[in-house]
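Chemist: Given next are the chains, with one letter for each unit.
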Amino acid sequence: MSDRLAVNRPLAHDSAAKHVAGEAVYIDDMPEPSRCLEVYVAWADRAHARLLKLDLDAVRRASGVVAVVTTDDIPGHTDISPVGRHDEPVFAAETVQFWGQALFAVAACDVHTARRAAGLAVIAYEDLEPRLDVDAARAAEDYVWPPAHFVRGDTEAGLARATRRLDGRVTMGGQDHFYLEGHVALAIPGEDGDMTVFSSTQHPSEVQHMVAHVLGIPSNSVTVEVRRMGGGFGGKETQSNLFACVAALVARKTSRPAKCRLDRDDDMIMTGKRHDFTVDYKLGFDDDGRIEAVDMHFASRCGYSADLSGPINDRALFHADNCYFYPDVSLLCHPCRTNMASATAFRGFGGPQGMVAAERVIEEIAIACGLDPLEVRKRNFYGDGERAITPYHMTIEDNVIERVVAEVEKDSDYWTKRDAVRRFNAENRWQKKGLALTPVKFGISFTMTAYNQAGALVHIYKDGSVHLNHGGTEMGQGLFVKVAQVVAEELQLPLERIKITATTTAKVPNTSATAASSGSDLNGMAAQAAARTLRDRLTAFAAEQHQAEPSEVYWLPGRIAVKGNEIAFADLVHDAYMARIPLSATGFYKTPEIHWDRAAGRGKPFYYFAYGAACSEVTIDTLTGEYRVDRVDIVHDVGRSLNPAIDAGQIEGGFIQGMGWLTTEELVWDEQGRLRTHAPSTYKIPTCADRPEIFNLRLLENENPKATIHRSKAVGEPPLMLAISVWQALSDAVAATADHQHPARLDPPATPEKVLMAIGRLAEIEATKEAAE
Amino acid sequence: MTAIANDEPGLEIETVVNGAPVRARVAVRQSLVDWLRDDLGLTGSHVGCEHGVCGACTVVVDGVCVRGCLMLAVQADGASIETIEGASASGRLAALQEAFYTRAALQCGFCTPGMLLTAAELLAGDDKPDRETIREALSGNYCRCTGYQAIIDAVEAASTSEKR
Numbered sequence: 177m178s179d180r181l182a183v184n185r186p187l188a189h190d191s192a193a194k195h196v197a198g199e200a201v202y203i204d205d206m207p208e209p210s211r212c213l214e215v216y217v218a219w220a221d222r223a224h225a226r227l228l229k230l231d232l233d234a235v236r237r238a239s240g241v242v243a244v245v246t247t248d249d250i251p252g253h254t255d256i257s258p259v260g261r262h263d264e265p266v267f268a269a270e271t272v273q274f275w276g277q278a279l280f281a282v283a284a285c286d287v288h289t290a291r292r293a294a295g296l297a298v299i300a301y302e303d304l305e306p307r308l309d310v311d312a313a314r315a316a317e318d319y320v321w322p323p324a325h326f327v328r329g330d331t332e333a334g335l336a337r338a339t340r341r342l343d344g345r346v347t348m349g350g351q352d353h354f355y356l357e358g359h360v361a362l363a364i365p366g367e368d369g370d371m372t373v374f375s376s377t378q379h380p381s382e383v384q385h386m387v388a389h390v391l392g393i394p395s396n397s398v399t400v401e402v403r404r405m406g407g408g409f410g411g412k413e414t415q416s417n418l419f420a421c422v423a424a425l426v427a428r429k430t431s432r433p434a435k436c437r438l439d440r441d442d443d444m445i446m447t448g449k450r451h452d453f454t455v456d457y458k459l460g461f462d463d464d465g466r467i468e469a470v471d472m473h474f475a476s477r478c479g480y481s482a483d484l485s486g487p488i489n490d491r492a493l494f495h496a497d498n499c500y501f502y503p504d505v506s507l508l509c510h511p512c513r514t515n516m517a518s519a520t521a522f523r524g525f526g527g528p529q530g531m532v533a534a535e536r537v538i539e540e541i542a543i544a545c546g547l548d549p550l551e552v553r554k555r556n557f558y559g560d561g562e563r564a565i566t567p568y569h570m571t572i573e574d575n576v577i578e579r580v581v582a583e584v585e586k587d588s589d590y591w592t593k594r595d596a597v598r599r600f601n602a603e604n605r606w607q608k609k610g611l612a613l614t615p616v617k618f619g620i621s622f623t624m625t626a627y628n629q630a631g632a633l634v635h636i637y638k639d640g641s642v643h644l645n646h647g648g649t650e651m652g653q654g655l656f657v658k659v660a661q662v663v664a665e666e667l668q669l670p671l672e673r674i675k676i677t678a679t680t681t682a683k684v685p686n687t688s689a690t691a692a693s694s695g696s697d698l699n700g701m702a703a704q705a706a707a708r709t710l711r712d713r714l715t716a717f718a719a720e721q722h723q724a725e726p727s728e729v730y731w732l733p734g735r736i737a738v739k740g741n742e743i744a745f746a747d748l749v750h751d752a753y754m755a756r757i758p759l760s761a762t763g764f765y766k767t768p769e770i771h772w773d774r775a776a777g778r779g780k781p782f783y784y785f786a787y788g789a790a791c792s793e794v795t796i797d798t799l800t801g802e803y804r805v806d807r808v809d810i811v812h813d814v815g816r817s818l819n820p821a822i823d824a825g826q827i828e829g830g831f832i833q834g835m836g837w838l839t840t841e842e843l844v845w846d847e848q849g850r851l852r853t854h855a856p857s858t859y860k861i862p863t864c865a866d867r868p869e870i871f872n873l874r875l876l877e878n879e880n881p882k883a884t885i886h887r888s889k890a891v892g893e894p895p896l897m898l899a900i901s902v903w904q905a906l907s908d909a910v911a912a913t914a915d916h917q918h919p920a921r922l923d924p925p926a927t928p929e930k931v932l933m934a935i936g937r938l939a940e941i942e943a944t945k946e947a948a949e
Numbered sequence: 368m369t370a371i372a373n374d375e376p377g378l379e380i381e382t383v384v385n386g387a388p389v390r391a392r393v394a395v396r397q398s399l400v401d402w403l404r405d406d407l408g409l410t411g412s413h414v415g416c417e418h419g420v421c422g423a424c425t426v427v428v429d430g431v432c433v434r435g436c437l438m439l440a441v442q443a444d445g446a447s448i449e450t451i452e453g454a455s456a457s458g459r460l461a462a463l464q465e466a467f468y469t470r471a472a473l474q475c476g477f478c479t480p481g482m483l484l485t486a487a488e489l490l491a492g493d494d495k496p497d498r499e500t501i502r503e504a505l506s507g508n509y510c511r512c513t514g515y516q517a518i519i520d521a522v523e524a525a526s527t528s529e530k531r
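Read top to bottom, the protein sequences are chains A and B. Each residue of the first sequence is one higher than the last, beginning at 177 in my numbering. Each residue of the second sequence is one higher than the last, beginning at 368 in my numbering.
Since the hints were derived computationally from the structure, they do not count as laboratory data. One or more hints might be untrue.
In silico contact screen, one side only, chain A against chain B (beta carbon under 10 Å); selected entries [unchecked claim]:
| hint | residue |
| --- | --- |
| 1 | A192 |
| 2 | K194 |
| 3 | P209 |
| 4 | E357 |
| 5 | R437 |
| 6 | E650 |
| 7 | G654 |
| 8 | A824 |
| 9 | Q833 |
| 10 | T840 |
| 11 | E842 |
| 12 | I861 |
| 13 | L875 |
| 14 | E877 |
| 15 | H918 |
From the structure, some residues in chain B lie toward chain A, with a derived Cβ separation under 10 Å [unchecked claim]:
| hint | residue |
| --- | --- |
| 16 | G430 |
| 17 | C432 |
| 18 | Q442 |
| 19 | Q474 |
| 20 | T479 |
| 21 | Y509 |
Beta carbons are placed, not taken as given, at the ideal position from N, Cα and C, and that holds for glycine.
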């Protein structure tokens, strides 16, 4: 147990008591203001079409309809591209670019009335050919963002020189966020044209900016507030903008409060998801499984607009090495424009897709060389000197992956289990077991350097109670309690003296999204800075009062000691107030050291790396393709944990979410570009029954060598990629059906159908071989 | 939102909600969870998928957990309804609530009320369920945050708690 007052302790989530009583308030739970309207956003049922006619007369005339909002009702800008590309209209204008694109909005006293009325619209389209695959986009060279290319060494020469050569392709699916609370925004008009918006968003500052933009008013006229979200996972980083803007447009037009809440189907149809990727790889390696050269060509379906696809695709390349040194390497990525909802941020932000490619490479080499994949992994880990340099020319200085993997190897008893799996597979015809131990190295920082800044605001009131505010948002991840722990530690107060308050653009401006796992790193430091300013003022005041040096003032739990006197915090604060000491302070933080030159493909985009490893054991049924995950062992590096209970929850939850992405969560679009899996009836996230029967988790004993907040490490995204071990274990089990003579080529999501098909492919290869013999 | 949407036919129902009699005119197409949330202000039951899959809207009707999104308010005529607010106030969830709090078996909290009511139903019928039984019983309640590990631990802990 920690010797610290508040940090490093497994304290409960700040809202835990409210959650178990059903008392926590989400935006849809807030009492609606009087005369509040409810808004339905009508969307196009074409993936690509010219909009010939949009006749809304019948909608306007429908009983109960109070207002209809179209592009013509937008007083300001009609585009809400979060990256300034002008490719994301609020409402489709001349051309419909994806199935589910917003066309207009209807407001009524209740959403059912609005929705029914929307169905009265008379719409005529001229259908255009939808583009749905990366090959067509590449042929047309139509990208939502300039392609990135990371190069080190001479890959062609490396491949030519290599002892062994191998080519292949891996495709991987996207993922719906399936936050349990769907998108929702409540806009309340104020005087002077002001607008207050309660938005379920990870990025209040951006919602503020977008609402101001569409209303044609300055940002200082818009306030955006969010106390909590019912899950975010990246899905509320940019995707909240549209619904907040529509609610604000209705509120502006009608001078009435307006709420826009999506039902699940609309939410899944209209909003972006994790990018799916296709990766073509060429490998050069030696007989011992050592990688000599890697050429990877990534392409993702980004949907119709840029959104965050640029940095997401870059992050895929940043993680295409995972923990492995590639002597000669070329990594190219094409962010392809397709007629789909614009793919967006999702926990890992491209990193998981890069890592899947890296682990496929290892799997291929292991099969080709007849080696255990874990052995191949270890032989290719980053090392020292030349072998510590990434494809983007950053030297890794904090590598602990060998230690992490060694610990998981021991915890899982990998080699004993490998023998047991081999025996099981020899003795069982219809069931096969698979085993995989995979590492994770994840770079921490926004690759857009400017985003790595944060602000906080701390007030101390005369009674000694403390008010805390910062730019981070709470989506369940426990950010608020972590930052409060930091402030409690700084002021040596019990946690309950720190009031946690809703994120609002009126208190801390110009914030970054709560994303990139950066929430506690950035906001923790900013809040610490604010608290330290106040502590320093109080220290100076107490020193002066007692004719002491500031160094003679000691901060103890709930009090200070100076020259033999002990003064309770509340008394100190009261005296300081009377002496006119300011009791409010802001804090600011920017991450040091980082820089990135995208054009050159060089720099230090990450302040540090977070590491982890997982060993998964699975059993498949070779007749049905069904499987279960029998056991998982995880060791994960969170530095010196700010809150081990919260961090363990992030790791457990991230792992299962990653497992869902790689196994059962399958997004299906038909040839018309219509998403066919837009509800939980057809889109399967993991349930309680899907989780591994045995699940062992340990936090690595470590501290961040970098001066992060109390030497902790970011934890939001990295654990998701631990689930790659489940996919690799499934591949191992499939390969066992043909005695590991061929790679399984099991592309995620490894649904039971895909497992069955992969088994069938191997059986065919074996049958052809036998016939030839 | 008002009880009766525009032009919507309504029916008179008589129910008991969290122990108190409630007589109301409700729209014939209004779901039970919408009525509880919008008209009675009982917002602890959450609307997640509106398909009867996620379990966030779980409420107890005549002693049995139901999906508040799949049942119409008019179908509750004559029934006794208990929501998370009532179950919490009654104290019957105390052991589970404490276990969820202590084991950090929640993150965003959106699924928590439904999860607790479903877990309570399990424990009412099975004193010492094993982990397999707990997994099965909770498999109709989605949680996107925790990965369920802490939830299973908490239910197991609550089943042996003295508070029961």
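Chemist: Per the CB criterion, is A:G654 less than 10 Å away from chain B?
Modeler: holds, 7 Å
Chemist: Take the shortest C-beta to C-beta distance between B:C432 and chain A; is it under 10 Å?
Modeler: Since the shortest Cβ distance to chain A is 15 Å, the answer is violated.
Chemist: Under the criterion of a CB-CB separation shorter than 10 Å, is B:T479 in contact with chain A as hinted?
Modeler: Interface hint status for B:T479: holds (4 Å vs cutoff 10 Å).
Chemist: A:Q833 was flagged as interface toward chain B. Is the shortest Cβ-Cβ separation under 10 Å?
Modeler: holds, 7 Å
Chemist: A closest beta-carbon separation below 10 Å is what the hint needs, so does A:E357 meet it against chain B?
Modeler: At about 5 Å, which falls below the 10 Å cut-off, the nearest Cβ of chain B leaves the hint on A:E357 intact, so it holds.
Chemist: A closest beta-carbon separation below 10 Å is what the hint needs, so does A:A824 meet it against chain B?
Modeler: The hint holds - A:A824 has a Cβ within 10 Å of chain B, the shortest such distance being about 7 Å.
Chemist: Double-check A:E650 for me: the hint is only fine if its C-beta lies closer than 10 Å to a C-beta in chain B.
Modeler: holds, 8 Å
Chemist: Please check whether B:G430 passes as an interface residue: C-beta within 10 Å of a C-beta belonging to chain A.
Modeler: violated, 19 Å
Chemist: Against chain B, with CB atoms and a cut of 10 Å, does the hint on A:T840 hold up?
Modeler: Given a least distance of 13 Å, the restraint on A:T840 is violated.
Chemist: Quick one, is the A:E877 hint okay against chain B at 10 Å, beta carbons?
Modeler: At about 21 Å, which exceeds the 10 Å cut-off, the nearest Cβ of chain B leaves the hint on A:E877 violated.
Chemist: Checking hints one by one. Is A:A192 an interface residue toward chain B, by the C-beta closer than 10 Å rule?
Modeler: holds, 5 Å
Chemist: Is the shortest C-beta separation between A:P209 and chain B less than 10 Å?
Modeler: Violated: closest Cβ of chain B sits about 13 Å from A:P209, beyond 10 Å.
Going through the hint list in order, the structure does not satisfy hints 3, 10, 11, 13, 14, 15, 16, 17 and 18.
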